[in-house]
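Single-letter residue listing:
There are 2 protein chains.
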Amino acid sequence: MRLAELSGRSGVPTATIKYYLREGLLPPGERVSATQAEYGEAHLRRLRLVRALIQVGKVPVAAAREVLAAVDDDSLGQTIRLGAALWALPQGVRPEPDDPDAVAAAREVDRLLADLGWSTSREIGNLSPAYRTLVAALATLARLGYPCDAAHLAPYAEQMGRTAALDLDMLEEYPTPVEKVEAAVAAAVLYEPVLLSLRRLAQEEESARRYGL
Amino acid sequence: MRLAELSGRSGVPTATIKYYLREGLLPPGERVSATQAEYGEAHLRRLRLVRALIQVGKVPVAAAREVLAAVDDDSLGQTIRLGAALWALPQGVRPEPDDPDAVAAAREVDRLLADLGWSTSREIGNLSPAYRTLVAALATLARLGYPCDAAHLAPYAEQMGRTAALDLDMLEEYPTPVEKVEAAVAAAVLYEPVLLSLRRLAQEEESARRYGL
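Residue numbers (numbering that gives the first Met the number 0), protein chains in the order written: chain X, 0 to 212; chain H, 0 to 212.
Hints may be right or wrong, so weigh each one.
Note that the list lumps identical chains together, so a pair holds whenever it fits in one copy or between two copies.
Heads up, simulated DMTMM-like pairs for lysine to aspartate or glutamate below, C-alpha to C-alpha not over 25 Å straight-line [what the hints assert, rightly or not]:
1) K17 x E191
2) K17 x E40
3) K57 x D100
4) K17 x E172
5) K17 x D98
6) K57 x E191
7) K17 x D168
8) K57 x D98
9) K17 x E171
10) K57 x E122
11) K17 x D109
12) K57 x E22
13) K17 x E95
14) K57 x D114
15) K57 x E37
16) K57 x E157
No lab work stands behind these hints: they were computed from the structure.
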């Protein structure tokens with residue numbers, strides 16, 4: 000399809016598409032003449048992902064470029080490729096290295112991962128932004144007087160393990176490795192508000208069940 | 000305890016405590032002389048919550064005041080009191096009323112709530128900020144080409160139902176209604192990054208299990 004059709008089908012203005020092309024967020028189309036290029040379904044899919052990252056996830060252009068480079072790197076194993084794409088997303092706060100609350104929190108996270116038998120997460124440890132964000136969040140909780148230990152976290156981690164299995168089941172529906180990684184990135188950015196609002200709704204429901212209105 | 004001890008035990012500078020007192024975020028201490036007031040454990044607890052809201056949750060002062068008014072309103076039933084406190088927290092985006100994607104998304108959410116038998120959430124519906132945030136998030140997903148229907152959401156909602164049961168179990172540990180509501184507000188603000196980073200860790204673990212590293 001030509002640029003105008005790509006714009007029509009995606010709902011993205013041609014000027015924005017040209018900007019994404021210039022910034023290397025969208026691969027160039029196939030040149031068919033000096034002034035025209037041809038785009039395919041992969042461009043349409045990639046355009047959706049770029050919008051999800053930039054418009055909804057508020058991911059800066061440089062970080063989005065890094066995410067997409069990992070999505071496209073088929074020299075990586077699937078877990079590393081998925082990890083590299085997700086790790087390039089902007090992350091929460093990092094723990095301060097000398098903060099005693101962060102040291103204690105890291106100890107609890109390590110105990111949690113050992114108790115759960117999450118051997119990959121233990122092995123990757125501090126390299127994973129999710130690990131660092133968890134440590135920082137627990138350090139903040141402790142500093143504010145709401146300490147939270149491995150025993151307390153374990154049932155939540157088990158629930159999130161089941162949620163992650165649903166996430167990965169959903170990815171299985173996508174036929175190619177690149178589409179799987181694209182869908183995982185979109186899900187990471189777009190599904191967090193869905194999950195958090197489902198949690199609030201569930202809290203209201205459970206509270207009404209226990210205490211009445 | 001005097002102001003200096005309240006500051007020492009909470010780690011909050013006295014100038015900040017005075018600011019919270021002036022803004023009505025912390026109830027006044029009991030006057031013991033023209034220049035001194037006495038503070039109790041309830042002040043210490045409230046101070047923790049105010050810091051969680053303002054410093055971590057980035058909740059504006061006016062919204063924090065509204066949250067705390069609901070926390071303190073013992074004329075309300077427990078679910079309504081909890082709801083009022085959580086509803087006063089800043090929320091995600093609201094759906095545009097005339098957006099056809101939002102109308103379709105609201106239909107899917109209503110179907111989901113019916114399928115799950117979440118009768119309170121159905122009854123409250125659009126009044127709940129969590130309902131509106133969910134509708135807006137689903138409308139965004141559809142607009143970006145990642146539609147998501149009730150059947151797809153149901154297993155996630157069931158997981159969040161179990162997570163909400165854990166949340167409410169945790170609240171049971173607090174002895175008084177006001178402490179329960181305080182803990183719920185702190186959890187809403189502080190536990191979201193914990194849950195989201197546990198989800199990412201679980202995804203890494205599950206991916207390594209299925210696809211290797």
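Alpha-carbon proximity between K17 and E172, which holds within one copy, between copies, both or neither at 25 Å: neither (31 Å within a copy, 57 Å between copies)
Alpha-carbon proximity between K17 and D168, which holds within one copy, between copies, both or neither at 25 Å: Classified as neither; 35 Å inside a copy, 53 Å across copies.
Within a copy, between copies, both or neither: which one fits K17 and E191 at a CA-CA cutoff of 25 Å? neither (29 Å within a copy, 37 Å between copies)
I want to check one pair: K17 and E95. Are their C-alpha atoms no more than 25 Å apart within a copy, between two copies, both, or neither? neither (41 Å within a copy, 28 Å between copies)
Taking 25 Å as the upper bound on the Cα-Cα distance, should K57 and D100 be classified as within, between, both, or neither? between (30 Å within a copy, 21 Å between copies)
Intra- versus inter-copy proximity for D98 and K57 (alpha-carbon distance at most 25 Å): Only across copies: K57 and D98 sit 22 Å apart there, 30 Å inside one copy, limit 25 Å.
Under a CA distance limit of 25 Å, which applies to K17 and D98: within one copy, between copies, both, or neither? Classified as neither: same-chain Cα gap 46 Å, cross-chain 27 Å, threshold 25 Å.
From the Cα coordinates, with 25 Å as the cut-off, is the pair K57 and E22 best called within, between, both, or neither? The answer is within: 16 Å in one copy meets 25 Å, while 33 Å across copies does not.
Within, between, both or neither, where K17 and D109 count as close if Cα-Cα is 25 Å or less: Close neither inside one copy (47 Å) nor across copies (39 Å); limit 25 Å.
Check K57 against E37 for me: Cα-Cα at most 25 Å, and say if that holds within a copy, between copies, both or neither. Close neither inside one copy (29 Å) nor across copies (47 Å); limit 25 Å.
Using 25 Å as the alpha-carbon threshold, which applies to K17 and E171: within, between, both, or neither? For K17 and E171, neither the intra-copy (32 Å) nor the inter-copy (56 Å) Cα distance is at most 25 Å.
I want to check one pair: K57 and E122. Are their C-alpha atoms no more than 25 Å apart within a copy, between two copies, both, or neither? Neither, since 31 Å and 34 Å both go past 25 Å.
Hint violations for this structure: numbers 1, 4, 5, 7, 9, 10, 11, 13, 14, 15, 16, all remaining hints satisfied.
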